[in-house]
Structures are given as structure tokens and as C-alpha cells.
Amino acid sequence: MKLQEIIDSLSLKVETPSADLNREVNGAYVSDMMSDVMGNAKDGFLWITIQVHLNIIAVASLKNLSGIILVNSRVPAEDTLKKAMEENIPIMTTPLSAFDLVGRLYSLGLRCR
Amino acid sequence: MTPARIVERAASLGINIMAVCDHNTVENVEVTANIAKKKGIRVIAGIEINSSEEVHILGLFENMADALSMQAIVYENLPGENDEDAFGMQVLVNESEEVLGFNNRLLIGATNLSVNRIVELIHGFSGLAVASHIDREGFGIIGQLGFIPEGIEFDALEISYRTGRAKAQEMFGPYSHIPWVTSSDAHSLDDIGRSTTWFVMEHSTFEEMRLALKGTEGRKVIF
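Chains A and B are the protein sequences, given in the same order.
One point on numbering: in this note's numbering, the residue at position 96 of the first sequence is 96, and numbering is uninterrupted.
One point on numbering: in this note's numbering, the residue at position 215 of the second sequence is 215, and numbering is uninterrupted.
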């Protein structure tokens, strides 16, 4: 499933206009603890979280994640957005909760590979 | 854990310097310091601030005025009211253990302040910023943020009573360039003194502690 498909189907707001939205999404991981994501997220996964600290970009780069979705209308910190664009990590936001968002991702047919 | 009992316990263990660091408040520090002074124990005004990322950071201050200034900013950025059934009563007491009042804020909650901002603020008040219990997954900076962000100048990293020096060296070797301390992180009287740090310094003052952390001119920290 392509990231752009997901963005369109779930009406996600894209915060990083220059990032590559055409990439393949291999699954998703939900967590607000970065050490946990570092340990468990896999290549190409989408990361669903409320964490907006700059470190999320380093973690996403490290794990080669396909993007980060901030739920509950969380707004990425200024420096986080800047770094995201530098590192080409797509950041999307939604007013949905993690539960609702993930439910819809699953309904779209997204599974972890 | 009233101020009087905390001091009594510390005195019985031969503790000389003790930082009192309540969650998001310093309202019981002064009373504790006054009682402690009579027993020859120096109390450092501290506060354990819960950041927006749910990371715990200790702020240690030279005097009550600085600590109160930090508290004011924490209060401005701490939403919510305490639920006594869920979290217990947040009591303010005097030296005789008489109840002066209750703190109604949600002290167990997280502030709107980021870790970066908190360290900046602590330093703005000439305090020492310590990353609490980095060996602890919950509320520890490494657990929450994956690694210590660049650009934050911690004065020390706290290894909790849970992890010995050798194990800590294995786990946090890459962070050895920042001074390490340990403490009891006491949440009950029995916890007090379960883990302590020695400060080798000229006098028992806050400035000397700062120098000891930096390892300046013979002063040092032993953990």
C-alpha cells in the first residue's frame, strides 16, 4: 500500500510538503516510547504516536520508517518539522485518536509484513 | 513522609546533604530545610519536573527563591486537578506535622514543558539539571526519547538504586562524559539512603557541588 493512498483515504494532513509520499508502507507500529519503537518497529512501517519531540525523526530515520502520523491533533514542534524535511520523513497529522486511526488503517487492509 | 520524619531518618543514617525533590512542587521544602538545619543536615531545594514527553528531570537550586521561581513556571504549565481518591492527599505541613493545607494541582501529571525547555529554565535560575533515573524505562529520558537529545546540557545523569555502577557502565558507557550520580529516589521513609553519592569538596555548599560534578580542582563525585 502506498503512503499517498493512506493519506487520501484517511484525510490525513501532510505537514512536510517536500517529503516523498509515494513510498510503500509495510505495516504500522503504535507507541509513544522511542526506545520501544527503536526495538520493535520494522523497515517501511508507519509510526503512530503523540510524541512530537525532535528525537522522533532520528528514530524514524534509524528504522527507515515510511512516515509518522501524529494523532489527537498533535502539532509537531518547529525543529521537528524542520528536521523531518531535511531527512525526508513524511509527517502527517489527524484529529483521530490512535485507536480510531489504527482501526481505519486496518480496515483499509494494512497489515504488517 | 513528613518533613520531621524525613529529617529524623536521614540523621539516623548519617546523611549530610539531602535534596528534597517532590513531583512538580517545592512547597514542603522550606519546612524540611529548617528542621534539617537544626540537625546539621543541608537540604537542597529540588523539584522533579515531569516534561511533556513524560520524562522526569530534577532541578536542584541554590536557594528557595530560585526554587520557587521554577515552581511558578511549572505551575503555569501544569494542567489538571488532583484526584484524592486516585492519587492520595497532597498535604502541606509545618514542623510540628500540623496540616497547613492541601495542594490541589495534579502534581502527578505532565507539564506542557519539553525536556529542552525545562533544562533551559533550570539553568536560567542557576540550578543544576539532572536527568532522573536514566536506567528506568518509564519516565527516564532514554526510555521515553530513545537517546539523550543533542544540545541539552545535563549537569548529571542519575543512575537509580535499581542499577549498580558496573551494570550502568555496560548500559550507558556512551554517556560517561556526563557526570553520574545516584540517589534513593525515596517515596517512603524506608527508601531514604538506599543509594547515595559521595561529593568530595572543600565545603558543604551548592557551589562546591557544582564544582564537584565538573571535577574541578580536586573536587569530585563518587558513585
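Simulated from the structure, these hints should not be mistaken for laboratory data.
Some hints here could point you the wrong way.
Calculated from the model, a selection of chain A residues having no Cβ within reach of chain B, i.e. all distances over 10 Å [unchecked claim]: (1) K13; (2) E15; (3) N26; (4) L54; (5) A58; (6) N64; (7) A77; (8) M85; (9) F99; (10) R111; (11) R113.
Selected chain A positions facing chain B (Cβ under 7 Å, derived; list incomplete) [as the list claims (entries may be wrong)]: (12) N22; (13) S31; (14) M34; (15) M38.
Even glycine gets a Cβ: it sits at the ideal position worked out from N, Cα and C.
Against the structure, the hints come out as follows:
1. Non-interface status of K13 (chain A) relative to chain B is upheld: no Cβ of that chain comes within 10 Å, the nearest being about 21 Å off.
2. Once the 10 Å rule is applied to beta carbons, E15 (chain A) is consistent with being away from chain B; the minimum gap is 18 Å.
3. Look at N26 (chain A): its CB is around 21 Å from the nearest CB on chain B, clear of 10 Å, so calling it non-interface holds up.
4. The Cβ of L54 (chain A) sits about 6 Å from the closest Cβ of chain B, inside the 10 Å cut-off, so the non-interface label is violated.
5. For A58 (chain A), the shortest C-beta to C-beta distance to chain B comes to about 7 Å, within the 10 Å cut-off, and the non-interface label is violated.
6. With a minimum CB-CB distance of about 15 Å to chain B, N64 (chain A) clears the 10 Å threshold, and the non-interface call stands.
7. Distance check for A77 (chain A) against chain B: the nearest CB is about 7 Å away, which does not clear 10 Å, and the non-interface claim fails.
8. Separation of M85 (chain A) from chain B is adequate, the least Cβ-Cβ distance of about 18 Å exceeding the 10 Å criterion.
9. Against chain B, the non-interface label of F99 (chain A) holds: every CB pair exceeds 10 Å, the least being about 19 Å.
10. Every Cβ of chain B is farther than 10 Å from the Cβ of R111 (chain A); the closest lies at roughly 26 Å, confirming the non-interface assignment.
11. Non-interface status of R113 (chain A) relative to chain B is upheld: no Cβ of that chain comes within 10 Å, the nearest being about 24 Å off.
12. A cut of 7 Å between beta carbons decides the hint on N22 (chain A): the least distance to chain B is about 27 Å, and the hint is violated.
13. Interface restraint check: S31 (chain A) against chain B, minimum CB-CB distance 11 Å, threshold 7 Å, status violated.
14. The beta carbon of M34 (chain A) comes within 3 Å of a beta carbon in chain B, closer than 7 Å, and the hint placing it at the interface holds.
15. At a threshold of 7 Å, the smallest CB-CB gap from M38 (chain A) to chain B is about 5 Å, leaving the interface hint in force.
Of the numbered hints listed earlier, those contradicted by the structure are 4, 5, 7, 12 and 13.
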